[in-house]
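Novice: As they're listed, the protein sequences go chains L and Y. Quick note on numbering: our numbering labels position 66 of the first sequence as 81, and the sequence is numbered without any gaps. Quick note on numbering: our numbering labels position 712 of the second sequence as 719, and the sequence is numbered without any gaps.
Hints in this document: simulated from the structure, not taken from any laboratory. Treat the hints with care, as some may be off.
As the list claims (entries may be wrong) - Here are the computed distance ranges between Cβ atoms for each label pair:
hint: 1; chain 1: L; residue 1: M180; chain 2: Y; residue 2: I950; range: 22 to 30 Å
hint: 2; chain 1: Y; residue 1: H473; chain 2: L; residue 2: G157; range: 45 to 53 Å
hint: 3; chain 1: L; residue 1: K70; chain 2: Y; residue 2: S649; range: 50 to 58 Å
hint: 4; chain 1: Y; residue 1: G79; chain 2: L; residue 2: S142; range: 50 to 58 Å
hint: 5; chain 1: Y; residue 1: G785; chain 2: L; residue 2: S142; range: 39 to 47 Å
hint: 6; chain 1: Y; residue 1: D926; chain 2: L; residue 2: I188; range: 38 to 46 Å
Stated by the list, open to error - Every beta carbon over 10 Å from chain Y, so not counted as near; a handful from chain L, in silico:
hint: 7; residue: K130
hint: 8; residue: P148
hint: 9; residue: N176
hint: 10; residue: M180
hint: 11; residue: S210
This structure is a prediction, so every number in the text was calculated from the model and none was measured. Where is the CB? At the ideal position from N, CA and C, for every residue including glycine.
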Amino acid sequence: KERTPLLWVFVQAAVVVAWCFTDIETGPGAGVTLSYQPNGDRFKIEGRAIVPGVKTQDWVSTARILVESEEYVGFVRTDGSFAVNDVPSGSYVVEVVTPNYRFEPVRVDITSKGKMRARLVNYIKTSEVIRQPYPLQIRANGPHTYFMKRETWGWTDFLMNPMVMMMVLPLLIIVLLPKVVNTNDPEMRKEMEQSMNMLNPNPELPDVSELMTKLFSGSKGSSKAGSSSKGTRPAVKRR
Amino acid sequence: AMAKLLLLCLKFIVLCSTVESVFEDQVGKFDWRQQYVGKVRFAHFDTHVQSSKKVLLATEKNVFASLNTRTGELFWRHVDMTGPEGNIDALLLHGQDAVVVVGNGRQLRSWDINVGGLNWEMVLDSGSFQASCLVGQQDVVKHVAVLKKTALSLHYLSNGHQKWIENLPESEAVDYQAVYSGGNGEVYALGVVPHSHIAIVAYSLEDGEIIKQVILIHSTPWLSDIQGSCAVIGRGMLTCVDSPAVSLYTLDLHGQSEMTQIPLQSLGLEVALGFQPVLVSTQPNPARPPLSEFFLQLGPEHHLLLQLNNDQIVTLRDFKPVRNCSTTSLSCKIFYILACSLNLFSAETGRRLLDTTLIFNMDPFGGKPETLYVQAFLKKDDSVGYRVMVQTEDHTLTFIQQPGRVMWTREEALSDVVTMEMVDLPLTGTQAELEGEFGKKADGLFSMLLKRLSSQLILLQAWIAHLWKMFYDARKPRSQVKNDVTIENLSRDEFNLQKMMVMVTASGKLFGIDSKTGSILWKHYLENIPSNAAFKLMVQRTTAHFPHPPQCTLLIKDKDTGLASLHVFNPIFGKKSHVNPPALPQPILQSLMLPVMDQDYAKVLLLVDDQYKVSAFPSTKNVLQQLQEIASSIFFYLVDSSQGRLSGYRLRTDLSTELIWEIVLPTEVQKILSVKGKRPNEHVHSQGRVMGDRSVLYKYLNPNLLAVVTESTDLHQERSFVGMLLIDGVTGRIIHEAVQRKTKGPVHVVHSENWVVYEYWSTKSRRNEFSVIELYEGMELYNSTVFSSLDRPHAPQVLQQSYIFPSSISTMEATLTEKGITSRHLLIGLPSGGILSLPKMFLDPRRPEIVSEQSREENLIPYAPELLIRTEWFINYNQTVSRVRGIHTAPSGLESTCLVVAYGLDIYQTRVYPSKQFDVLKDDYDYMLISSVLFALFFATMISKRLAEVKLLNRAWR
Chain L
16 KERTPLLWVF
26 VQAAVVVAWC
36 FTDIETGPGA
46 GVTLSYQPNG
56 DRFKIEGRAI
66 VPGVKTQDWV
76 STARILVESE
86 EYVGFVRTDG
96 SFAVNDVPSG
106 SYVVEVVTPN
116 YRFEPVRVDI
126 TSKGKMRARL
136 VNYIKTSEVI
146 RQPYPLQIRA
156 NGPHTYFMKR
166 ETWGWTDFLM
176 NPMVMMMVLP
186 LLIIVLLPKV
196 VNTNDPEMRK
206 EMEQSMNMLN
216 PNPELPDVSE
226 LMTKLFSGSK
236 GSSKAGSSSK
246 GTRPAVKRR
Chain Y
8 AMAKLLLLCL
18 KFIVLCSTVE
28 SVFEDQVGKF
38 DWRQQYVGKV
48 RFAHFDTHVQ
58 SSKKVLLATE
68 KNVFASLNTR
78 TGELFWRHVD
88 MTGPEGNIDA
98 LLLHGQDAVV
108 VVGNGRQLRS
118 WDINVGGLNW
128 EMVLDSGSFQ
138 ASCLVGQQDV
148 VKHVAVLKKT
158 ALSLHYLSNG
168 HQKWIENLPE
178 SEAVDYQAVY
188 SGGNGEVYAL
198 GVVPHSHIAI
208 VAYSLEDGEI
218 IKQVILIHST
228 PWLSDIQGSC
238 AVIGRGMLTC
248 VDSPAVSLYT
258 LDLHGQSEMT
268 QIPLQSLGLE
278 VALGFQPVLV
288 STQPNPARPP
298 LSEFFLQLGP
308 EHHLLLQLNN
318 DQIVTLRDFK
328 PVRNCSTTSL
338 SCKIFYILAC
348 SLNLFSAETG
358 RRLLDTTLIF
368 NMDPFGGKPE
378 TLYVQAFLKK
388 DDSVGYRVMV
398 QTEDHTLTFI
408 QQPGRVMWTR
418 EEALSDVVTM
428 EMVDLPLTGT
438 QAELEGEFGK
448 KADGLFSMLL
458 KRLSSQLILL
468 QAWIAHLWKM
478 FYDARKPRSQ
488 VKNDVTIENL
498 SRDEFNLQKM
508 MVMVTASGKL
518 FGIDSKTGSI
528 LWKHYLENIP
538 SNAAFKLMVQ
548 RTTAHFPHPP
558 QCTLLIKDKD
568 TGLASLHVFN
578 PIFGKKSHVN
588 PPALPQPILQ
598 SLMLPVMDQD
608 YAKVLLLVDD
618 QYKVSAFPST
628 KNVLQQLQEI
638 ASSIFFYLVD
648 SSQGRLSGYR
658 LRTDLSTELI
668 WEIVLPTEVQ
678 KILSVKGKRP
688 NEHVHSQGRV
698 MGDRSVLYKY
708 LNPNLLAVVT
718 ESTDLHQERS
728 FVGMLLIDGV
738 TGRIIHEAVQ
748 RKTKGPVHVV
758 HSENWVVYEY
768 WSTKSRRNEF
778 SVIELYEGME
788 LYNSTVFSSL
798 DRPHAPQVLQ
808 QSYIFPSSIS
818 TMEATLTEKG
828 ITSRHLLIGL
838 PSGGILSLPK
848 MFLDPRRPEI
858 VSEQSREENL
868 IPYAPELLIR
878 TEWFINYNQT
888 VSRVRGIHTA
898 PSGLESTCLV
908 VAYGLDIYQT
918 RVYPSKQFDV
928 LKDDYDYMLI
938 SSVLFALFFA
948 TMISKRLAEV
958 KLLNRAWR
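Put together the whole structure using the sequences plus the hints.
Specialist: The following block contains the structure:
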């Protein structure tokens, strides 16, 4: 019966931007670019975004550069290049975000002296370094795939369905076998009977084919309909 | 082993593919998006091309956008950082370039307004921004000047490079507030030493050399602020207004070093007491001096049009009572006036132009007009025409064309939705009639029969009318068929998929929006809402209690004082209810809705004030009596995050309270970030989970469980942590405690059923992580009939697992369905604007690391450290929602379907089917195929029957 009601809480999560920067291992002999800004310890992340085969003016107005998810935001110039200003030293994931094209994110490390380095983002092995060019060159790898394909219905899909195959093949055998083998020949009949008995050594057990025949003729509405077409009725004969 | 892995992969793929996503042909079928920009701070019409359709807006939400003036739709929009870093300080328009100063003068950007791309971007020196202006010479504008606290800099418009930067003399004493250029090769910085004197520095445009410096000692002891009090008029005449002395002062920037006093009495004017007069001048072309005509506002509704003529000031026109004046420029100079009707006046003469009156009807539930933005143009017959964009106090933008036709309206208040509810639509008259039949007292068999027959007749009539309408509409072309939704024809659909979205915005404007089409059905502006108000919206009575109208109550609370007020309204029509809410003289600490109803089916709202006294609304005798009976079973809790205290209370029969438990989290160590209970309208269908060995693991379904999220006060990377406390809200018992070390907030939490999912930032690995806690009773249930917090001796089993998430998140919510049978998904709002629908089964602490036969039987996905973001799971495909701050989920009448509204800068509404549409035919259901197969089978049977008969007959003859 007790019910704890909803609460009226005002907790203001004060987002303290405390950038604790640990010294990032700089690869030996790396091509390091320095980029100083007028304001001492703030740096600039630069690069270029490319969508192959699409004019820049068709996509730049919807593009944004997100550094560590909206912590810092940059915009794309009309030529596709971009710069995110006023970024303190640290390690950041830089992403080009557009609603229509997919770009891979890049991790950019900035030392306290302003040395920049770009590498692949790896969230599992966070210290792994696979270098990327800096200034960044981010190429779109195609449009976003937002939609699932509808299951379209085609004749081939229907025919290649295993269930349909299982149904069609026996049907073919039933129809074609009597045409190929002359069932009215008494020798042939005897031979078939023998082979049937070989297959079914225990006559007490219910026969599958018999069951099927019953079922089949029953569903057809006329019990004798199938008999003549098949010609031989081994199950009935055995009884 | 390889085969096993392969199998695992296969399984994973199969599971992934079962997840519902959007099909391309469903675009816009049951979803819609509305994009907003926020309250306009600066607006400029694009004038450099004749017949341009653009208006550029810079808003208080740090958005810079271009609107189509014909339709009000966005051409493009750029959303900057929130907070002061993205704040737009100034917007200057020149040709097809828009120059924007951002972040208190930190960045200077130039945008190409046609493409919506950035031309260039410059980082400026630090120093707080004061003013900026375009600088021209000989009718060519090539530079932009930026005035900061200590320096004046000049930049090229073409590439943003700095031409020169000069320090301002005596900048520690003088407060430089304005920059002016009249197109003669000089740039003036105007400063003031408050209550002492004015300082004017003239710089050469070419090299930044100081040409002249004027300091008028003790000239203006009355002046503290240049903005508003002073303006440059005509050929460089600085004019200031002094309200105590009731005079204007003029100073020629080019020559004089003395200020000339012109008493307003000499112009025959009087100043309203207590009103600071405002001077407004206009400079249509930055390469030319400003107009010699200017406005002087003497009272809230008193404006004057003055003219400077050979050092003489003349009154051209006295506008009274007029609320707003605005100016725009064309070949001739024009001023505009507004007092619910707009008129166009010539600035040169002060005469009203013929046929320029524009009357528009103000929304009675809206705000008063605040600012006018006027676009003037020459008509074909050389007369002046104009359009006007009006911004009202409730952040509405209305674009009006002569003679008063509203072209479009934008409700920019919706860019800041704070909270919302989805309310069922009422039944139609006929539906209500049918329902009413069952509710009424029986009065005889015969009359009942008659009533039954008549209602069936009504149904038949409605059905025929519907058929007729369908037939009629089918003949018309599709574009002409309009389904106009108005309040009058609103009614519940058969699956209750269409609802009324009641949205509360930070500005205090309430909206009722149809969830199917997104059209605004009602709006109501509440005046006098404190700027720091917190809102809580509650549905006291749903539409199920006809003839009682539905009732919503909005609690508005001032965050600083704690004082609150109630607004009671009808959520379908938006009208204020005639029920009078109680006055709340004391600060309110807590509010709670009880499941108890009064005789009119309104749920009881309890309000706890700072004296721990409880008041009820409605507080009828019936309610008080009910409360007395059940008081001993009403518990509530309070959170004081500043003290780190959680306390639980129980209600006494006299509506006072008693403290029963208290938990103090020392604020030196950690602070409370949020406290989350479960949603009261949530249903859990299955009590347990069937395991691989066919035994049942029972869920711990405590409705009183609270998830308390804490964060360490010490934010050092090595010592920071995020804590999760699970507390029973009735007894105060700590059920479980979990701590994630080397992590920090912000933390997003979803608490539902028997699980808590939360997301935090791992400072050690610099990534976002999800953690899930699930609680189980064990293999047997202690008391399966009813859950009581007071009688649960066994502590629940707790399972927890964590995952890496490759993006940060903005908000998170879980899907909600009618009966809780459908599997749950988490809806995650991402900073990129996507809304990810992540199946809860990926966040399952029972995901095994090693796959066994049993886990396979249970359909558990093998553990993988990283959760994937697949764009196929975005429920909003490319309809991104900027700055999503909340996701609201509501059940529909269909168990499979959950209604989702995501709000932030934009609003997006859609439906999701977490377990696919199992209870209704899919919209791609192939009727043609199924009917053709049926017909084919039918004919095949007929033919084969006929054939069989023929064959039988033949055999009989043999």
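Novice: Take the hints in turn and mark each one as holding or not.
Specialist: Structure-based check of all given hints:
1. L/M180 <-> Y/I950: 22 to 30 Å: 24 Å, holds
2. Y/H473 <-> L/G157: 45 to 53 Å: 47 Å, holds
3. L/K70 <-> Y/S649: 50 to 58 Å: Roughly 55 Å apart at Cβ, these two residues keep to the hinted range, so it holds.
4. Y/G79 <-> L/S142: 50 to 58 Å: 51 Å, holds
5. Y/G785 <-> L/S142: 39 to 47 Å: Holds, since Y/G785 and L/S142 (Cβ atoms, about 41 Å apart) stay within the stated range.
6. Y/D926 <-> L/I188: 38 to 46 Å: 42 Å, holds
7. K130: 18 Å, holds
8. P148: L/P148 clear of chain Y: closest Cβ-Cβ about 22 Å, beyond 10 Å.
9. N176: About 14 Å separates L/N176 from the closest Cβ of chain Y, which puts it past 10 Å; holds.
10. M180: The claim stands: L/M180 keeps its Cβ more than 10 Å from every Cβ of chain Y (closest is about 18 Å).
11. S210: The claim stands: L/S210 keeps its Cβ more than 10 Å from every Cβ of chain Y (closest is about 28 Å).
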